[in-house]
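**Student:** Residues per chain, in single letters:
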Amino acid sequence: MHTVKLWASTTALCLGLVGAAFAPAALAQKKVVNVYNWSDYIDPKVLEAFTKETGVKVNYDVYDSQEVLEAKLTAGKSGYDVVGPTAQPFLARQVAAGLYQPLDKSKLKNLGNLDPEILKAMEKADPNNAHAIPWMWGTNGIGYNVGKVKTIAADAPVYSMKMILDPDTVAKFKACGVMVLDAPTDVFPTVLQYLGLPPDSKSLADLDKATDALLKVRPFIRKFHSSEYINGLANGDICVAFGYSGDIIQASTRAAESKRGVTVNYSIPSEGAQLWVDTLAIPKSAPNPDLAHAILDHLMKPSVVAASSDLTGYANGNKASTTLVSDAVRTNPGIYPPAEVRARLFTITPADKEFERARTRAWTRVKTGR
Amino acid sequence: MTPPGFLRRFMGRPTVIAIPYGWLGLFFLVPFLIVLTISLSTADTSLTPPFTPLIDWVDHKALQVVLNLGNYMFLFSDDLYVVAYLNSLKTAAISTFFCLLIGYPMAYAMARADKGIRPILLMMVILPFWTSFLIRIYAWMGILNNNGLLNNLLLWLGVISEPLPLMNTPTAVYIGIVYTYLPFMILPLYSTLEKMDLSLLEAAADLGCRPLRAFWLITLPLSLPGMIAGSMLVFIPVVGEFVVPELLGGPETLMIGNVLWAEFFSNRDWPLASAVAVAMLLLLVAPIMLLQRSQGGSPHARGGH
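Keeping their order, the protein sequence lines are chains A and B.
Numbered according to the numbering used here, the first sequence spans residues 7 to 376.
Numbered according to the numbering used here, the second sequence spans residues 168 to 472.
So that you can see chain B by itself, here it is in the shape it has in the complex (with noise of 0.2 Å):
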């Protein structure tokens, strides 16, 4: 083997998969790996860490391991846990479905506009990231706020007499959701229906099919994979959202991620949060598993990109 193939092979294929592996491995699977541990052992806050090891060597002899199983059982003892999941699923739920209701107009308007100011409307819609996140929520905490500009704007137009609620409310957590999540739902459908043929809806309207109804029967179902692609990446991540409820929600806004807070700071019992972590991340692969294996393939490698 001559040296230059040997390199050529090393840094061929393998390299190329092994360095997202690799990546993976080292920040999410070993995390992952040790906040599962901390779920099965036990809290004592007079240790540093405050919980007790899971192995430990007895007597210097016998290496004694422990799993205590009991943190999981205690998210069922109270309905907050339970509420809290379904809480965070039913907003997860609501947000996408407001980020693919005004998303995907918005990407078909992208996609069917003209070649050369296709760049530009693609960089309206990444433009807010470049400015960071947490400027961008309280920004919207100016514009909702009582004393805020909408409010301000409404009062002066006479629409209102006095000022809207806004702030602090569930309906300011979808706002701040939706604006935060919309990108990642108008990207993937836009390079979905960017790609489409156009060629079929022309076939279509030659054999008679009215522009609506071939949108339905030809466009609707080639988009669903983009559609699929920016659901998951708007879902997933709003189930775990603690920042948006945090400064926009009121008091009623209960979720996973506030229910994980107060289990590791108020608390301070590691275990325990690890435990809702972990549940967390069940209740959201297994549906997403399903999801996978009933599309045969990942929704990434159908929608083209």
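This is chain A alone, in the form it adopts within the complex (with noise of 0.2 Å):
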């Protein structure tokens, strides 16, 4: 999912800055919405359905990193009128600093298709789901070369964060290639819940604990990167990665069509697993919010859910779809987990600016050994 390079998508908001400027008075007469999410996220199809119906062209841009959204967000007009936060800690803490408008819920009459556990879960970050709709949701967890992790260690604990933080384990795997996502948000909870420490701590000491852990893997770990494993699993070119569940599974599905006898298996960590929450919101200077309420509608039709969510492998946040979506999605237990498995999993909430810096300067540290 996450495939536009970072370089591309920084020198997209280079760009955008100056754009932004000039392109929604330029487009609202042509009736166009402008949509901010990540790439392969919607069903294209879906979104020609939407111009067919009511005329209204749909611009569809995409980014490849939450960061590189809230730098747009937070240097002003962005010109979106949706976009698509993460619930935590992105959306809580653009909620809080006041990014985005209220939804007009009254234009949105299918808000009674989506899953209540999920709106529960991203109360959170928006206190009575004021300002956002749930679209995917996923865990992050552990994608593995089935035939290599084989060969190597018969008795791997491929259902286990061992993997990856057991130095014993992943030493194992390190000539075969261990990637983990780069990204601080991401990894320190489950570090943390592995541990046996709260995976939503701000303590620093908890943090250094987490620190440790990660440094003492560090050697093994080839890459931190939040999109490359994708590739690297579908090619057999790593055996390891802890990455977010829907890349996983896409790389999966390209590792299967490309026939080279490469087979990619995800896993939810047994110790318990992040969920993660993306969600669609209105940004407070959004050019056209009429649109905006009418396209966030037409997206939680239950037709439209379930089409994006066998296009991305993600569960989504809308119950009425679930029967919907296909069984190669709805029964694969790393993409809707049993209910034993989702009672494990857990969120986290926003930190204040000194544990952020503390926590990028750690991640640093895990990364460089500095």
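Fair warning: there could be bad hints in the mix.
What the hints assert, rightly or not - Facing chain A, a subset of chain B residues (Cβ under 8 Å, in silico):
{"no.": "1", "residue": "Pro217"}
{"no.": "2", "residue": "Asn312"}
{"no.": "3", "residue": "Pro418"}
{"no.": "4", "residue": "Leu421"}
{"no.": "5", "residue": "Ser433"}
{"no.": "6", "residue": "Asn434"}
{"no.": "7", "residue": "Arg435"}
Worth flagging that the hints you see were computed from the coordinates, not collected in a lab.
All C-beta atoms in this analysis are idealised placements derived from N, C-alpha and C, irrespective of residue type, glycine included.
Could you use the hints to bring the two separately framed chains together as a complex?
**Tutor:** Have a look at this one:
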């Protein structure tokens, strides 16, 4: 999913800062709604259908990291009508900073289709679900090359974070290749959980413990990167990755399609995994809030959401759509985990600036050893 | 003053000079001043954009200017920044050295090649630019990967029994950077070497100087301006290089470009990120100014192009 490269999106950000000042006014007359989201996240056919129904053209822009979206929103008038912040910590702190407008729920007739359980998970970030609706959700877990892992260690604990965090285990896979997400907010909580500490801890002592645990396995990790592991797993260049569920499932699909004998599997760590929810919200500066509400309502139709779940391999936050999702996705325990696994999922909350800085610094230490 | 004369004067020298200066002013100086002001402000993530303005009206009567030098002090509070700067300089120096080592013989061979094929050779150096830089770096990923072309070839030849770990190592970063920046070294070297007066070498030979010695005493010193121009064209952009280490490097690759990214995007600290950028610029500009002064002019002027 997150395949547009950093470089491209950084350039796009710079251009966007300039372009945003001019774009909305010119586009407003032509009835265009500007959506800014992860790449490959909404089925293009679904957007075409919206255009056919309403005559409104959809401009779909993409980013590959939440940080880039945030930088664009905080720079000022972004020119976007609908954006896709991840609930924690991004939506939470952006709602607090007043970057979003409250949803006009009278314009959202399909609100009833949403999954109450996911809405409840989002409430910590967005009190009363006033500003955002859920889109897809998933977990952070382990992707692995089934054949190679079996050859190297037949008894490998593929359902445990030991695959990444136990030095003796991960050492075995060093030569074959191990990659980890390059996102402190997506890695530290799982490490804390593995160590038996509260995953949402804001204590510097806990952060130190997690940093030490990661430093012990750092020599065995080839790279920290938030999207390269998709190709790495799919092509058989790496053996184990800690990444986003949908990305690893995408790698698995690609590996199967290329028929090179690579099988990729996704497992949710038995210690408990971080649950994230990607949401859709309307920036305060949105040029066309009415159109934004219209497309949000469209994106809550069960068939529309189901098509996007089939495309991305992610579970969605739309309960009414579940039966319409294809069997391959719906019955995959890595995507729609059984209730006992769902009970062990956790979410995190935003941190203050000091802790954030300490966390980024600790993350640099994890990556570079300094 | 007749209109054509006025026009000629208007369209003449001042305009020709004004265009590049205007360009530099608009696209270099103005953005730099914006970055400089941000670097002197204070981060505040509750604002949009996330820093306090430098100049503020207090109670609609007093103009208050707050210069926050703390961002620059912070760069010394943690050795991360200094280490990242030094790492960037080291990477740039080593890359420049290898570009020179590989580029010089290539430029030399091109400059001494038959006049007819020189344009073709020149074309071959420039040709890779016709493909996107990003795609070429991705191609290197395909070559250097464990399951990539190079390892598969070596395995097939039986030279190695296990894939060499090349990808995501400093070696991969150097390969990527030297590959990317090599043309910037070759082109100025070629243009100096090509213009060299070959009769100097004939005179040296007539006086009994051996070719190798003649190269050392005549060709090399005469090509120095080209070497300096090429080295600057490689060294300066490599210090701030972000894409190649990001894509080909491993976890231990710490360069100032990556630190800047983390400050801007992860910490959302625009002022500190700007301070890192300004410090990087000063770090680069100071030695270059000194070098230019010691040479009494820009290397380009001496290089003759």
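**Student:** Could you run down the list of hints and mark each one as holding or not?
**Tutor:** Hints versus structure:
1. Pro217: holds, 5 Å
2. Asn312: Holds. Min distance 5 Å.
3. Pro418: holds, 5 Å
4. Leu421: holds, 4 Å
5. Ser433: Given a least distance of 4 Å, the restraint on B:Ser433 holds.
6. Asn434: Cβ of B:Asn434 sits 5 Å from chain A, so the hint holds.
7. Arg435: Holds, about 7 Å.
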